Amino acid sequence: MTRTGGYLDELEQDALTELVNIGVSRAAASLRKMIGHQVLLSVPALEIVSRTVAATLIREREGGDLVAVRQDFEGAFSGRALLIFPEANSLALVRAVTGDELDEAGVLEMEDEALSETGNVVLYGCLATMANMLKRPLEMSLPAVIRGDGQVLFELSDTDPSSTTGVVLFLYINFSVSGRDIRGYIAMLMDLPSIEALKVLIAEFLERIVGADAS
Amino acid sequence: MTTLLIVDDSKLARIVLGKAVAALQPEWTRVEAGNADEALARIADGAVDLAILDFNMPGRNGLDLAEELRAAHPSMPIALATANVQDEIIARARDADVSFIAKPVTEDSVRGFLSGAALKLRSTRT
Chain A
1 MTRTGGYLDE LEQDALTELV NIGVSRAAAS LRKMIGHQVL LSVPALEIVS
51 RTVAATLIRE REGGDLVAVR QDFEGAFSGR ALLIFPEANS LALVRAVTGD
101 ELDEAGVLEM EDEALSETGN VVLYGCLATM ANMLKRPLEM SLPAVIRGDG
151 QVLFELSDTD PSSTTGVVLF LYINFSVSGR DIRGYIAMLM DLPSIEALKV
201 LIAEFLERIV GADAS
Chain B
1 MTTLLIVDDS KLARIVLGKA VAALQPEWTR VEAGNADEAL ARIADGAVDL
51 AILDFNMPGR NGLDLAEELR AAHPSMPIAL ATANVQDEII ARARDADVSF
101 IAKPVTEDSV RGFLSGAALK LRSTRT
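Same order as they appear, the protein sequences are chains A and B. Heads up: the first sequence begins at 1 in UniProt numbering, then just goes up one per residue. Heads up: the second sequence begins at 1 in UniProt numbering, then just goes up one per residue.
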């Protein structure tokens with residue numbers, strides 16, 4: 001599903017989806033190496049919605065408690081990337097990345113570190129591919145593990161009205177791991193100034209690779 | 001005359017691939033499809049000699065499509081265009097005799113498949 005309410009035209013949406021698709025596909029191949037099981041991906045969906053709607057979309061998709069690895073990025077465009085999965089899947093993911101070698105206590109002890117490392121591989125891999133294709137460097141924060149519902153993940157504030165009224169570009173891709181009870185999704189959030197900046201970069205990108213055929 | 005079918009849900013990806021192919025094989029005719037069903041309909045119309053398929057598409061993915069095409073067209077040169085090079089995907093592609101083209105697509109990444117396919121098509125025609 002793609003709803004961008006006039007902020008991006010058809011070819012810009014198409015280009016952004018394809019960029020993200022290439023980034024996530026590479027990231028999935030890296031994750032495959034870490035966990036030894038095939039990683040299945042959906043086609044990226046892209047929407048421009050209010051933060052409140054984005055949080056609702058998350059809540060509708062996953063009812064229970066969520067765990068996310070968050071990485072903020074900054075550069076020509078800025079935003080937040082999240083690797084999100086149900087809390088109930090978290091330990092299965094930790095077991096998968098640690099090669100089933102740890103006992104229960106070891107798994108719990110390693111949980112946040114393993115999640116950060118996994119998030120870093122996936123999110124950094126995806127963003128770095130996008131940055132390279134758009135030819136703009138992005139600075140990325142260290143991964144942080146957060147727990148809560150959609151509201152917490154997107155840090156909706158009750159006191160700051162702009163946090164709920166501003167629109168965001170909300171991008172998400174479902175993933176699951178073959179033969180393991182692990183599923184979740186990758187989400188990316190960017191605010192309006194970043195959407196404008198991204199439009200310029202996408203136009204340059206299209207000009208570079210497509211040239212006159214773009215129209 | 002050689003006709004290449006490009007299957008990708010992204011118009012941009014079809015344009016990029018089309019340009020790379022046009023630079024390397026300017027004589028070839030290029031036709032396009034946006035998903036697996038369109039691709040099968042286009043092939044049923046006839047005259048498609050080879051195909052390059054995107055992997056991650058809504059509906060059936062490119063690997064499923066490749067396996068179906070392979071069953072019906074044992075000698076058709078087929079390539080999968082993807083950045084997703086996981087072992088399971090490589091193994092299935094190899095079993096179906098499907099080549100890989102790395103995304104993002106450049107002239108360099110399609111050159112090997114196109115020249116191999118051109119040779120194969122020439123040898124089956126003579």
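Just so you know, these hints were derived from the structure itself, not from any lab. Predicted model only: the values in this text are computed from it and were never measured. For glycine and all other residues, C-beta sits at the position ideal for the given N, C-alpha and C. Keep in mind that the hints are not guaranteed to be accurate.
[Claimed, not checked] List of simulated lysine-lysine pairs, DSS-like, C-alpha gap at most 25 Å:
(1) A/Lys-135 - A/Lys-199
(2) B/Lys-120 - A/Lys-33
(3) B/Lys-11 - A/Lys-199
(4) A/Lys-199 - B/Lys-120
(5) B/Lys-19 - B/Lys-120
(6) B/Lys-120 - A/Lys-135
[Stated by the list, open to error] Covered by chain B, according to a simulated footprint, are these stretches of chain A (three or more residues, beta-carbon under 8 Å):
(7) 27-33
(8) 54-62
(9) 198-210
Verification of the supplied hints:
1. A/Lys-135 - A/Lys-199: Answer holds: A/Lys-135 to A/Lys-199 is near 14 Å, not above 25 Å.
2. B/Lys-120 - A/Lys-33: violated (34 Å)
3. B/Lys-11 - A/Lys-199: Given pair B/Lys-11, A/Lys-199 holds - Cα atoms ~17 Å apart, limit 25 Å.
4. A/Lys-199 - B/Lys-120: violated (43 Å)
5. B/Lys-19 - B/Lys-120: With Cα atoms ~22 Å apart, B/Lys-19 and B/Lys-120 stay inside 25 Å; holds.
6. B/Lys-120 - A/Lys-135: Not OK: B/Lys-120 and A/Lys-135 at ~38 Å, beyond 25 Å, violated.
7. 27-33: As far as the segment 27-33 of chain A goes, the hint holds, because 3 residues have Cβ atoms under 8 Å from chain B.
8. 54-62: Three-residue rule not met by the segment 54-62 of chain A, so violated; n is 0.
9. 198-210: Holds, because 3 residues of the segment 198-210 of chain A bring their Cβ atoms closer than 8 Å to Cβ atoms of chain B.
When the structure is compared with the earlier hints, violations turn up for hints 2, 4, 6 and 8 and for no others.
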